[in-house]
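First to last, the protein sequences are chains A and B.
The first sequence begins at 641 in the numbering used here and counts up one residue at a time.
The second sequence begins at 675 in the numbering used here and counts up one residue at a time.
Just so you know, the hints here were simulated from the structure itself, not pulled from any lab data.
None of the values given here were measured: they were computed from a predicted structure.
Please note that the accuracy of each hint is not assured.
[As the list claims (entries may be wrong)] Here's a subset of chain A near chain B, in silico, CB distances under 8 angstroms, partners left out:
{"no.": "1", "residue": "Thr696"}
{"no.": "2", "residue": "Asp717"}
{"no.": "3", "residue": "Arg720"}
{"no.": "4", "residue": "Ser721"}
{"no.": "5", "residue": "Val725"}
{"no.": "6", "residue": "Phe729"}
{"no.": "7", "residue": "Val732"}
{"no.": "8", "residue": "Asp733"}
{"no.": "9", "residue": "Leu735"}
{"no.": "10", "residue": "Met736"}
{"no.": "11", "residue": "Leu751"}
{"no.": "12", "residue": "Ser781"}
{"no.": "13", "residue": "Met784"}
{"no.": "14", "residue": "Leu891"}
[As the list claims (entries may be wrong)] Label-pair ranges, simulated between beta-carbon atoms:
{"no.": "15", "chain 1": "B", "residue 1": "Ala815", "chain 2": "A", "residue 2": "Asp811", "range": "37 to 43 angstroms"}
{"no.": "16", "chain 1": "A", "residue 1": "Ala672", "chain 2": "B", "residue 2": "Arg698", "range": "23 to 29 angstroms"}
{"no.": "17", "chain 1": "B", "residue 1": "Arg698", "chain 2": "A", "residue 2": "Gly782", "range": "24 to 30 angstroms"}
{"no.": "18", "chain 1": "B", "residue 1": "Thr857", "chain 2": "A", "residue 2": "Val770", "range": "36 to 42 angstroms"}
{"no.": "19", "chain 1": "B", "residue 1": "Pro701", "chain 2": "A", "residue 2": "Arg816", "range": "49 to 55 angstroms"}
{"no.": "20", "chain 1": "A", "residue 1": "Ser657", "chain 2": "B", "residue 2": "Val812", "range": "53 to 59 angstroms"}
{"no.": "21", "chain 1": "A", "residue 1": "Asn683", "chain 2": "B", "residue 2": "Gly923", "range": "45 to 51 angstroms"}
{"no.": "22", "chain 1": "B", "residue 1": "Thr682", "chain 2": "A", "residue 2": "Tyr838", "range": "56 to 62 angstroms"}
{"no.": "23", "chain 1": "B", "residue 1": "Val812", "chain 2": "A", "residue 2": "Ala761", "range": "42 to 48 angstroms"}
{"no.": "24", "chain 1": "B", "residue 1": "Thr857", "chain 2": "A", "residue 2": "Asn683", "range": "25 to 31 angstroms"}
{"no.": "25", "chain 1": "B", "residue 1": "Arg939", "chain 2": "A", "residue 2": "Thr702", "range": "44 to 50 angstroms"}
Glycine residues also receive a C-beta, built at the ideal position from the N, C-alpha and C atoms.
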Amino acid sequence: MSAAREPAIRVSGLSKSFGQTTVLDDVDLTVAEGTVFALLGPNGAGKTTIVRILSTLIPADTGEVQVAGHDVASHPDGVRSVIGVTGQFAAVDELMTGEENLRLMADLHHLGRVMGAARIAELLDRFELVDAARRPVSTYSGGMHRRLDLAMTLVGSPQVIFLDEPTTGLDPRSRRTMWGSIRDLVSDGVTILLTTQYLDEADHLADRIAVLDRGRIVAEGSPEELKRRIPGGHVRLRFATPEALLAAADLFEGGSRDDEKLVIQVPGDGGVASLRRLLDRLDDAEVEVEHLSIHTPDLDDVFFAVTGRPVAQKASA
Amino acid sequence: MISSLAYTVIDSRTLLRRNLRRLRRYPSMTLILIGMPIVFLLLFVYVFGGQLGHGLSNPLAGGHAGRDGYLNYVTPGILLMTIAATVQGTAIVVAMDMTGGIIDRFRTMAIARAAVLTGHVLASLIQTLASIAIVLGVAIALGFRPTADPLDWLAAIGLLALFAFALIWLATALGLAAKSVETASNTPMILTLLPFLSSSFVPTTTMPEGLRQFAAYQPFTPVTETLRGLLTGTHIGPHAIVAIAWSVGIAAASYLWARRLYNQRQPR
Chain A
641 MSAAREPAIR VSGLSKSFGQ TTVLDDVDLT VAEGTVFALL GPNGAGKTTI VRILSTLIPA
701 DTGEVQVAGH DVASHPDGVR SVIGVTGQFA AVDELMTGEE NLRLMADLHH LGRVMGAARI
761 AELLDRFELV DAARRPVSTY SGGMHRRLDL AMTLVGSPQV IFLDEPTTGL DPRSRRTMWG
821 SIRDLVSDGV TILLTTQYLD EADHLADRIA VLDRGRIVAE GSPEELKRRI PGGHVRLRFA
881 TPEALLAAAD LFEGGSRDDE KLVIQVPGDG GVASLRRLLD RLDDAEVEVE HLSIHTPDLD
941 DVFFAVTGRP VAQKASA
Chain B
675 MISSLAYTVI DSRTLLRRNL RRLRRYPSMT LILIGMPIVF LLLFVYVFGG QLGHGLSNPL
735 AGGHAGRDGY LNYVTPGILL MTIAATVQGT AIVVAMDMTG GIIDRFRTMA IARAAVLTGH
795 VLASLIQTLA SIAIVLGVAI ALGFRPTADP LDWLAAIGLL ALFAFALIWL ATALGLAAKS
855 VETASNTPMI LTLLPFLSSS FVPTTTMPEG LRQFAAYQPF TPVTETLRGL LTGTHIGPHA
915 IVAIAWSVGI AAASYLWARR LYNQRQPR
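Using the sequences plus the hints, can you model the full thing?
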């Protein structure tokens, strides 16, 4: 083997059922080393089940799963030695301090006193937990919990990191911080598989996205490729008079018209350049717009585009 | 290259340290668990002891009469009740761990497989032996006068540790089997009832038919009799071998059960 490097994650024909319920149905995935791969899907699509199988927590029914060249079924300890997992539920010890939690991880990775202390100090600093290091975790905010959780995952310098809905339940500011931390990881060269319900999160972070629907992958591609398939992104123009509406309808023949509401929806991503062109055309034709709003595509649009039906919410992931 | 056995020892020690730290952070649970046998000791010695002591034959009472005699008779049973009470804590902390997220983190790390449960069992063993020392101290302060020589003491400590080890593995399995922390705190309560249905509080010969047979053949009776013999010089006879057999049997069966539950466990 020369130029072609082994993919960090290789999954083929993966299926899993719980009792009568099929949770995963013939899933194939390939994640190249040093890239971010997002599994996008609603609750109950099977995202968490994939993460649990890939991280050796539960066995697959059928299919082959390899992580960093180790087979999950036959060589789970090989997989465990190269992965880090941050799940949906905080995997931290509430009775201990942040520093003690990190110390525990350093000891379990056999880092030794000196190396362990250096790694802990570095991670506390990187995740802005220095001031809270000696406080019990039970006093931490939601965002601090997640940061500590991710810091604990990084103690062993994993090659492959699984992030199961890393920002679900976080406030917008903590979410931004978490995104920053995840992007920093990529620049360190690790491979990341993350699951999310948010298209913008996958768009921000991932090199490739797979859309998961009821245990099957229904679409896969780069964020650009996927968004191109979404008709949902549009600019919505509302007019004061039917005359203005008709005038605008002549300008944008591809748009969908609602005569009753005096609204036209023009396909577009809402980018500054395309928006300026759109307004210029309206100005040139001297058409007065009463109201303009931009609708950016979200998971519902992706979902509708690739499955032809809206997101059906299930009880849990 | 360090062998896998060495890693098991290192990881077990790391997790033992973690569990002892948790016990120190959460002392109210240990105090409540120790409180129970102490309350029963006071209750039985000062409320019932005067009367019960008169019914005991002189050798069983360690050569004392009345209340003092009963204190000598009941203390070994109270020490076993201390074990039964403390292992409720084991079931609770194991269940707390299993229902929290951290256990899934451990299971995705290359930690020696046995280390997580071993860490819990060793921490509980230390907690239980410390609790026994405290309860024994209270008994001695009340006037318990053991006649054991150093060798007897050594054997008594060994027996207590062995029996504690067995019940801790049982409680670990119960904690793993429990669906919630609440269930885990309830199921081992049957263990604190068993000393009453043994020779811990009154000789089994005074019990009615049926109950007497149950009391004679359940594990607490031979362990009580052996411990009483070692501490106060009563006749031990075949009880010692039966006590050891029960302890080893419970420990082995519970260990296998606990290991199975741990390996088969589904993440929540």
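Next item on the list: Check the following: the C-beta atoms of B:Thr857 and A:Asn683 are separated by a distance inside 25 to 31 angstroms.
Entry: 28 angstroms, holds
Note to self: Is the interface hint satisfied for A:Arg720? The criterion is a beta-carbon contact with chain B at less than 8 angstroms.
What the structure shows: 4 angstroms, holds
Next item on the list: Classify the hint on A:Leu751 as holds or violated, based on whether any CB of chain B lies nearer than 8 angstroms to its CB.
Entry: Since the shortest Cβ distance to chain B is 11 angstroms, the answer is violated.
Note to self: Please check whether A:Met736 passes as an interface residue: C-beta within 8 angstroms of a C-beta belonging to chain B.
What the structure shows: 6 angstroms, holds
Margin query: A closest beta-carbon separation below 8 angstroms is what the hint needs, so does A:Val725 meet it against chain B?
Written below: 4 angstroms, holds
Next item on the list: Closer than 8 angstroms between Cβ atoms is the bar; does A:Ser721 clear it against chain B? Give me holds or violated.
Entry: At about 4 angstroms, which falls below the 8 angstroms cut-off, the nearest Cβ of chain B leaves the hint on A:Ser721 intact, so it holds.
Check: Is the hint on A:Val732 kept, meaning its closest Cβ partner in chain B is under 8 angstroms away?
Finding: 6 angstroms, holds
Next item on the list: Starting from the range 24 to 30 angstroms, see whether the pair B:Arg698 and A:Gly782 falls in it by beta-carbon distance.
Entry: 27 angstroms, holds
Item checked: Range hint compliance [Cβ, B:Arg939 to A:Thr702, 44 to 50 angstroms] -> 22 angstroms, violated
Check: Do A:Ser657 and B:Val812 keep their Cβ atoms within the hinted range of 53 to 59 angstroms?
Finding: Given range 53 to 59 angstroms: holds, Cβ gap about 57 angstroms.
Notebook entry, point to check: At a threshold of 8 angstroms, is the proposed contact between A:Asp733 and chain B supported by beta-carbon distances?
Noted result: Check passed: Cβ of A:Asp733 comes within 6 angstroms of chain B, closer than 8 angstroms.
Next item on the list: Could you tell me whether the CB distance from A:Asn683 to B:Gly923 stays inside 45 to 51 angstroms?
Entry: Cβ of A:Asn683 to Cβ of B:Gly923: about 47 angstroms, so the range 45 to 51 angstroms holds.
Violated hints, in rising order: 11, 12, 13, 14, 15, 16, 19, 22, 25; the structure is consistent with all others.
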